[in-house]
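Number of protein chains: 2
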Amino acid sequence: MTGVAILGFGTVGSGVYDVINTNSGVLELKSGDKIEVKKVLDLRDFPGNPVEKVLTKDFEEILNDPDIGIIAEAMGGVEPAFTFTKRALAMGKSVVTSNKELVAKHGPELMKLARTNGVSYLFEASVGGGIPIIRPLCVSLAADEILEISGILNGTTNYILTKMTEEGKSFDEVLKDAQQLGYAEANPAADVEGHDACRKIAILSSLAFGETVNYEHIYTEGITKITHIDIEYSKKLNCLIKLIGSSKKSKNGISAKVSPCLISKEHPLSAVNGVYNAIFVKGNMSGNTMYYGSGAGKLPTASAVVADIVDAVRHKGLTVNIGWDCDVQACVADIKEADVKAMIRIASDNFEAAKKSIIEVFGDVQFVDLDVQDDEFAIITNEETEGSMAEKVEKIATMSGVGEIRNLIRMEA
Amino acid sequence: MTGVAILGFGTVGSGVYDVINTNSGVLELKSGDKIEVKKVLDLRDFPGNPVEKVLTKDFEEILNDPDIGIIAEAMGGVEPAFTFTKRALAMGKSVVTSNKELVAKHGPELMKLARTNGVSYLFEASVGGGIPIIRPLCVSLAADEILEISGILNGTTNYILTKMTEEGKSFDEVLKDAQQLGYAEANPAADVEGHDACRKIAILSSLAFGETVNYEHIYTEGITKITHIDIEYSKKLNCLIKLIGSSKKSKNGISAKVSPCLISKEHPLSAVNGVYNAIFVKGNMSGNTMYYGSGAGKLPTASAVVADIVDAVRHKGLTVNIGWDCDVQACVADIKEADVKAMIRIASDNFEAAKKSIIEVFGDVQFVDLDVQDDEFAIITNEETEGSMAEKVEKIATMSGVGEIRNLIRMEA
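These protein sequence lines are chains S and B, in that order.
One gets the numbering used here by counting positions in the first sequence from 1 and adding 80 to each.
One gets the numbering used here by counting positions in the second sequence from 1 and adding 80 to each.
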């Protein structure tokens, strides 16, 4: 028997409790051992809930229980999760988690500590909720040099953009609906400003390239500026707007960013709708592969946490190696050096003058007009560096016929 | 150093040779050991090819080389691959393969033999070419009871159906193009009749449900009867026609089949075009997940074979467990008991009489007319058992107004 303790009985923690109890037969079959929840740490009481029997408010009780070999940390946030994780690993207990803040901030240190103590620190659920990605990356694609990883990494924003596209509603309206349905938090900033996707692409890049990518160095732009006019342009271009986190190897280091992006309806990521997420990987031998599933949600996330528990049980006394070199800090390239192609919306009271100005600066670009909006047009630029494009945008803003620059949305290459 | 021998220097075998040589640094990093091709078995000569240095025509030479710990079997077919694999495993060498015929026919016996000898028999490449699926199933979804697995499992047929849809060409025309481009074999039966997809869904079902599914018990129908008229109906229904292999748990056992299927453009499998393949999995906790990639192709398939080599190196002296119980034979349900919904095309010189007959037999169904074909219409049935539907089809064929039954295409539920 392997005893498990769960830290935090919120959405993910109670999901882990449910998965272990519901699928106990499956878990025994797949891990070769009986897996049992021995303790659940939470400061709240849950009167009438069966969890009461194993509830504790004292972490020391868990730490000092020799029957507990694995800890599922489902507290979220950096502290006290960080301290608890360090102490558990140091005591020779494996830790599994869905905590992306902690993994993005202290993952390498915790993996090192796990290795020193002959146990594992596993976090499949932290990068894609219920989307299996860590094992595909570190085992199934072990023969590949990963060239690029990208994806739709946040369910809240994908739900909002899908609804804006399908129902023609504004960002604010859909956000309100999403909050009522529980798909968005009361304070939605972490999702809609792209911070959640940023932490995930940082972890994914670290796993893909084997070096630690600091999320603070990744250019991040959310979806709050996307309007129904942008959606109209996307339809005209046979594209969809998705919040994309992407990371690839470039001559200047790892080129990573999070931003709304126009992707063609031919691209497999375009069929990823609602709260679903997907991760796209390009290997030098395997070519393009994609992994699709629920990016969040209680049971899918808990399923990923418990799969890590099963793997830790299978590797009792060993460290599961997931191919992220703890000691090497990746060089994240300056966003200005990245190649980009974009749609730029330009207000104008004199289209002819404006277009002349634009051709002067941007060269031969594609112009797009929208029937429903007659005081502006859009251009599709050629590919150039972000730095050069920013300069050109600044330049045209002062030129004849050109009014406000209403939005700039990157296009998937 | 781990020495590898490759059996067969055809498409996959030479791909394995290329991947090991091109990505040697990556392989050493990920496996923790240097991996080197020591011998390649082929009866042909390859004058001028660097492989000459390691070429042999004598399997005994490989078997008796103590430096060779892992054998990549890339011969295809049952014999002599089966005999060679058994002898290698018995000698304590791990075997990895892309050979779906052999795995579908003798996989359980070979896995058992591997376990007895403390080595591994791995076959990621046999089920989805370059699509990682075995590790996601057996590790990432270890906390789930798998309820259903389905997918687009054959690149040749998906290419043909995609081209028929996009270019309005006939099956025969596109097949000829595909043969010229090397996407279809000179004898295309194994692909277009669904046999290849059948073996793959048999292996996937065995992995998903942990019991051996005999491919000979799976109802299999290919795409040779699909015409451009069927494609026109699919467009009218906002669907696509795909060759789908599917398998799910039902009260009568495992309900599996391979057949062309109308799937909605909203379904993520609908964005899987050309030679790409994808596998869809439904777990009782993780919900829906999907895995997408190149279903075939030299380097993607070889990448999967070499990833298995890396895993065997990581687990030297151990058996990698992939969760397929060797001893239990699955009960495959009679296709007649499966639930099905279908589009049926009916020729008629008297629509009114025919529709009356159909409503009498099928009840309230949806009728679909096509502008380009005025001597027929189609119906969308309600869901019922295959057995009952077959009886009804037979019955209406004799009734007033009903002419030839031109096709029956199942619809994804």
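Incorrect hints may have been included.
Result set (PhoX-like, lysine-lysine): computed pairs, CA atoms no more than 25 Å apart in a straight line [claimed, not checked]:
hint	chain 1	residue 1	chain 2	residue 2
1	B	Lys137	S	Lys315
2	S	Lys362	B	Lys378
3	S	Lys243	B	Lys345
4	B	Lys118	S	Lys345
5	S	Lys345	B	Lys416
6	B	Lys243	S	Lys249
7	B	Lys396	S	Lys396
8	S	Lys378	S	Lys119
9	B	Lys329	S	Lys316
10	B	Lys305	S	Lys315
11	B	Lys185	S	Lys192
12	S	Lys345	B	Lys114
13	B	Lys331	B	Lys416
14	B	Lys362	S	Lys378
15	B	Lys345	S	Lys114
16	B	Lys315	S	Lys315
17	B	Lys329	B	Lys416
18	S	Lys345	B	Lys243
19	B	Lys137	B	Lys118
20	S	Lys119	S	Lys256
21	S	Lys421	S	Lys331
22	S	Lys192	B	Lys331
23	S	Lys378	S	Lys118
24	S	Lys396	S	Lys362
25	B	Lys345	S	Lys316
26	B	Lys315	S	Lys316
27	B	Lys396	S	Lys345
To be clear about the criterion: a stretch of chain B counts as covered by chain S if any three or more of its residues have a C-beta under 8 Å from a C-beta of chain S, and this derived list gives those stretches [said to hold, decoys possible]:
hint	stretch
28	257-271
29	289-303
30	414-423
Everything labelled a hint here was simulated from the structure, so no lab data went into it.
Nothing here was measured: the structure is a model prediction, and the numbers come from that model.
Note that beta-carbon positions come from the ideal geometry of N, C-alpha and C, so glycine has one too.
Enumerate the violated hints, using their earlier numbering and listing them in ascending order. 1, 4, 5, 6, 9, 10, 11, 12, 15, 20, 22, 24, 27, 28, 29, 30
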